[in-house]
Amino acid sequence: MAEPASIVIVGGSLAGATAAASLRDVGFDGRVVLLGAESLPPYERPGLSKEVLRGEQPIEEQYVRPAEWYLDQEVELRSGTRAVQLDVADREVVLAGGERLTYDRLIVATGCRNRTLQAPGTSLPGIFELRTAEDAAAIRAAVVGGARVVCVGMGFIGAEVAASLRTIGCDVTVVEVFETTLYRILGADIGRVLEGIHRDHGVAMVFNDTVASFEGDRRVEAVVTSAGRRLECDAVVVGVGTEPSVELMAGTGLDQGGGIPVGPTLETGVPGVFAIGDVALHDHPVFGPIRVEHFDNAVKMGVTAARNALGGSEVFADPHWFWSDQYEHQVQMAGFAPTWDRMVVRGSLEERSFCAFLLDGSGVVRGTVSLDWPRDVRRSFGLISAEAPPDPLALADPDVDLRTLVRAGER
Amino acid sequence: MAEFVTVGRSDEVTEGEAVAFVAGDEEVAVARVDGDLYAFSDVCSHRRCNLAMGGEIEGTTITCECHGSVFDMATGAPMNPPATEPIAIFPVREEHGEIQIEV
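Residue numbers (this note's numbering), protein chains in the order written: chain G, 1 to 411; chain E, 1001 to 1103.
Heads up, some of the hints might be wrong.
Pairs of lysine to any residue, SDA-like flavour, derived with a Cα cap of 25 Å [unchecked claim]:
hint : chain 1 : residue 1 : chain 2 : residue 2
1    : G       : Lys50     : E       : Arg1048
2    : G       : Lys50     : E       : Glu1085
3    : G       : Lys50     : E       : Val1070
4    : G       : Lys50     : E       : Thr1063
5    : G       : Lys50     : G       : Phe178
6    : G       : Lys50     : E       : Thr1084
7    : G       : Lys50     : G       : Gly187
8    : G       : Lys50     : E       : Met1053
9    : G       : Lys50     : G       : Met205
10   : G       : Lys50     : G       : Arg65
11   : G       : Lys50     : G       : Glu293
12   : G       : Lys50     : G       : Phe322
13   : G       : Lys50     : E       : Ser1045
Please keep in mind that the hints were generated in silico from the structure rather than gathered at the bench.
Every value quoted in this text rests on a predicted model; they were computed, and no experiment measured them.
Work the whole structure out from these sequences, hints included.
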């Protein structure tokens, strides 16, 4: 295929901006248009639940590139511009307002939206979600100076928000449908370790319960749960999961609930159209078709998609990695393990310092989770990619360098 | 005036590891790869995490454990995002079992 003349990227966040930068890094000097629905230039979102929410860093410090970079690099950043439709036959993106943009290659990085709670009173003022800089600013404005806050959902967003709000002096109560924190991703054993940390920091936690309704006159005053608890509060932050934003792909057959399906090289079934980041349901060579919402994945898919849009055929095989900062602690995870047969721990759950390996029925390491033990997560990348079943005793021994187990497995 | 200052002993930096030192006002990391020393800013240009603390060395690159940025220790160049800016590098030498850095 001839070198494309123009590449349009839909989605002005980390994945999209990284793709734009990577196109320039590898010397592409054609037209690059980066469409962002939000009014700000692309920014990194991890700080929204932490430094930005706590008021320690302004949003400008989270920008993926300085605002002037886009001008310097002749990347046509169009913030506040929503793409609403795709015309595959004519290779055009239709913008809200009707303008049509032609592309030779299209990179879709539309990300996710938050799930909303269907409960009476859900639209009362004082009930927030967190996805954008605007959301973070609104929460901060409502709670600064100390407030009683209910966090609904104790996944990573809920856990980080709860930690940040405790840190700035709020009273925090959590309502979580599962039996402990981070249960769905990390399981009960590790979830309880995090639960203990939050408890020690004074977070009140209600598990195995859900929101029945929100009460309040002019703004939210209480959360009523299915079990009949009434939790009085000044504000609520809802973090109950996400769904991929696939509407742009309507009519292409790619607007699937699980994300936009892409092959190993990140190209969709429509030639010349790629999808990356949170929205991409990627046929991963090790894990099969998966969709993840990790920062690192957004970066790396952005880099790979840029190369492949210019004629490369690089298979994206990253073992996946993310972190979560809560109080003075850091969780890290590599791999992909929705379920596992056995967990092998080096370090100690009780002492809150460990690296846990999640093994499937064949003894293959599918995921690695650490608490304040990051080195071995990074060192397990090769092990996860190689799909070799290492000796569990070696996994549990902190003195064994995980990188040597990969080499043993390869032999 | 740039000059070499002693920051530590040679045996403090073992093969394949990065160690944090202070040289003047600078937080400097020193790493040893195939016997050679590399001295560079210990502060990641992305979000100011310390690179020596947990940074994983592969060849002459170091990966920041916080957010995954990769730097070439020889040139300071960012090799993988999220970092987009280079880190400072410093001339380094070993004299009489001591590590000296020019700052």
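Next on the checklist: Of all the hints numbered above, which does this structure not satisfy? Sort the numbers upward.
Outcome noted: none
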